[in-house]
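Work out the full structure: start from the sequences and follow the hints.
The opening position of the sequence shown corresponds to residue 1 in the numbering used here, with each subsequent residue numbered one higher.
Incorrect hints may have been included.
No more than 30 Å apart at the CA atoms, straight line, and that leaves these computed lysine-lysine pairs for DSBU-like [said to hold, decoys possible]: (1) 93 x 73; (2) 73 x 24; (3) 73 x 147; (4) 73 x 145; (5) 145 x 93; (6) 105 x 73; (7) 24 x 145; (8) 93 x 147.
No lab work stands behind these hints, which were simulated from the structure alone.
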Amino acid sequence: MSVQIIEKKWLPLEELKREKVIGKSLEVPIGGVTFTFEVPENPMVYVSETEGVLYVNGSAYWESELYILEDLKTEFLEQVEELAHVLGDSISKVSDELVSLDRDKEVERRNFHIRVNNMDVGFYYDLFRPNGLRNGLIRIIPYLKNKGLEH
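Below you can see the structure in the form of structure tokens.
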């Protein structure tokens, strides 16, 4: 049996931007903490932020939009892990749950959330699937809930 060692080369953020791997950085405030999302360069998908809400849209390339969504979820999880470590806590639960589904309008609402101690940090996201009348759109609404303050 042979073993192959693969070395990964990590580039600094500025170099990634220069090489057009990272298209833009978006800063989103969530519960007093600013999360920075490094959005990969993709000419078929446009990512924007308005008043703390992220939008992912594109032409007819729905798979590209879903790829960007998965990338944003991974980045978010990594940042929450880092935040939990700084607070001396750890993540106890990661969940992505279906909230509602409208088959007629082809709209799905989901809740991606991460539990750290008594706090849930996450986002609701709406998947507006392309249906011939509209292009696909993903709306991401971040939130932070302190479970200790709820009755």
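Going through the hints against the structure:
This hinted pair checks out: residue 93 and residue 73 have alpha carbons roughly 14 Å apart, not beyond 30 Å. Among the hinted pairs, residue 73 with residue 24 is consistent with the structure: their alpha-carbon atoms are about 16 Å apart, no more than 30 Å. Distance check on the hinted pair: residue 73 and residue 147 sit about 22 Å apart at the alpha-carbon level, within 30 Å; holds. The suggested pairing of residue 73 with residue 145 holds, with an alpha-carbon distance near 18 Å, which does not exceed 30 Å.
For the hint linking residue 145 to residue 93, the alpha-carbon distance of about 14 Å falls within 30 Å, and the restraint holds. This hinted pair checks out: residue 105 and residue 73 have alpha carbons roughly 25 Å apart, not beyond 30 Å. As the CA atoms of residue 24 and residue 145 are separated by approximately 28 Å, the hinted pair is consistent with the 30 Å bound. Among the hinted pairs, residue 93 with residue 147 is consistent with the structure: their alpha-carbon atoms are about 14 Å apart, no more than 30 Å.
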